[in-house]
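In the order they appear, the protein sequences are chains A and B. Going by my numbering, the residue at position 205 of the first sequence is 1429; the numbering climbs one at a time, nothing skipped. Going by my numbering, the residue at position 111 of the second sequence is 241; the numbering climbs one at a time, nothing skipped.
Keep in mind the hints are simulated off the structure, nothing from the lab. Please read these numbers as outputs of a predicted model, since none were measured by experiment. There may be inaccurate statements among the hints.
Calculated pairs, DSSO-like style, for lysine-lysine (alpha carbon to alpha carbon, straight line, at most 30 Å) [unchecked claim]:
no., chain 1, residue 1, chain 2, residue 2
1, A, Lys-1331, A, Lys-1493
2, A, Lys-1331, A, Lys-1521
3, A, Lys-1420, A, Lys-1558
4, B, Lys-240, A, Lys-1331
5, A, Lys-1521, B, Lys-166
6, A, Lys-1331, A, Lys-1420
Reference excerpt, derived from the structure (chain A facing chain B, CB under 10 Å, subset only) [what the hints assert, rightly or not]:
no., residue
7, Tyr-1251
8, Asn-1253
9, Val-1333
10, Leu-1432
11, Gln-1490
12, Leu-1509
13, Phe-1538
14, Ala-1567
15, Gln-1574
Glycine included, every Cβ here is placed at the ideal spot set by N, Cα and C.
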Amino acid sequence: MRLEVGDIIIKDVQFGEATAVQDGVLYVNEKELAAVAANDDRIKSVEVFLARPGESVRILPVKDVIEPRVKVEGPGGIFPGFMTDVEQVGSGRTHVLKGAAVVTTGKIVGFQEGIIDMTGPGAEYTPFSQTQNVVIKVEPVDGILQHEHELVVRLAGFRAAVYLGEAGRDVKPDVITPYETKPILEQAAAYPGLPKVAYVYMLQTQGLLHNTYYYGVDVRQIVPTLMYPTEIMDGAIVSGNCVSACDKNPTYIHANNPVIMDLYAQHGKTINFLGCVITNENVTLQDKERSSNMTAKLVGFLGVDAVIISEEGFGNPDADLVMNCNKIEKQGIKTVLITDEYAGQDGGSQSLADSTPLGNAVVTAGNANMVLTMPPMDTVIGYPEVAHVIAGGWEGSLKPDGSIEAEIQVIIGATNELGYGKLSAKTV
Amino acid sequence: MIITNNPDVAAMYPDSRYSACNVQGIFEAVRDEIHKGARLLSHPLSGSIKPNESPYKSVAISAKYANLDFRSLQIIEDAMTVLRRLTDKKYIYDESILADFRIIDLDHIKGVSP
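Kindly produce the complete structure, drawing on both the sequences and the hints.
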């Protein structure tokens, strides 16, 4: 499967008469975008805001971040199972408004976290302080329940991203990058001298506000399966996960998964990247055993020498991470684990809820309990009162002057376990 | 069997054992049952909501008593360690937020096979 990704570099976003890309500026017709996003009987209103890097703007609570993309050649469309039919994606050509992002905000439950600061110390901890953000604030009709509210906001974000992505359909990309993975036997034979590597992609799937979807299917309901890595670049995996801002994977990061990007960068040079196994993180121990057994089986079936395993979330998923590691290592296949830490505010406590001596190659994405003070911003988009009860904060987190003292787990992407951030640790 | 301090779970599953205690109390009750031979069916750290943030917790265990399951014991002890070490900062929630926490906890325990 071969996909060309054409990046159209976006350096600024402005409201304009027509939605279009000109000279690296994304112009947005505010009314048209709001109408597209609000095209759902369950939505009372949609407001659109712009937030650019360096501006004194705080967005909270952020539900999801989505990158505008458009399929220009090849089967299917962006976000299969949601915005298009369920045709297999990941081949042909896709254009990306690189540097732009749709950010959705909606108060689905009362205690939600998820902060993006566009400037100041908080901005250092989120990749989305560096994107030109089109913020969609979704107000549902009265009486809507939490499950439906989450769905409504999720779909509004996808509609907005697809609408903006269309602006890139006929624009000549600044950079075109091809990604290719061949059918398994052909790919395995392609680089006989190089170690064969697969990627085990763990997805959060524990229920309400903790869901992830693959071609529209709740991943909680699947058994682990094989995936061409390019499928993610067309939005095959999307986020319905609205809890644990620091280490959830927003839809934007799924589409730009840095593990897959880095494996492709080494593909044919130092490794032979055979493909991905996607698996879930469920509530029951039987589900965990079944999924880790199946994951280990598929990895063994592929005949690889090593895998990278990334986790999503903390606590319960640590058990899935450890099961995957143990069962794969016991087949003689090396593992590298990516996780983050809840090591206490001083960083001195045990980092994970589970562990294994076979997990001897681990990359951390940072300590989510680290405390940070974020000064007040001139503008707050969303629902600022949420900060009073924010997860990772505490009573008194929101100061009278508008500043917030909280653990960095409140910041979107701060300790992202796909590595889409700046935090890590080195042995010295 | 479900051990819970969530009234919504107790209402939906009348066979559950309800106690109006805190999360620590639920973990201790689960640990006691494991010592008596029950096995964990659901992971006690369900969800990305940290156990010190939500006041509600439901854990499913087997009703069939067998020999002590060391894996279950290790998981509940590890969960109690996590609960102890997380920040002791206090939260004050209004009823609407408490209701949201109850719904999330209920949704997680719904995922457990009978």
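Hints and how they fare:
no. : hint                    : result
1   : A:Lys-1331 - A:Lys-1493 : violated, 46 Å
2   : A:Lys-1331 - A:Lys-1521 : violated, 41 Å
3   : A:Lys-1420 - A:Lys-1558 : holds, 11 Å
4   : B:Lys-240 - A:Lys-1331  : holds, 23 Å
5   : A:Lys-1521 - B:Lys-166  : violated, 34 Å
6   : A:Lys-1331 - A:Lys-1420 : violated, 45 Å
7   : Tyr-1251                : violated, 37 Å
8   : Asn-1253                : violated, 35 Å
9   : Val-1333                : holds, 4 Å
10  : Leu-1432                : holds, 4 Å
11  : Gln-1490                : violated, 31 Å
12  : Leu-1509                : holds, 6 Å
13  : Phe-1538                : holds, 7 Å
14  : Ala-1567                : holds, 8 Å
15  : Gln-1574                : holds, 7 Å
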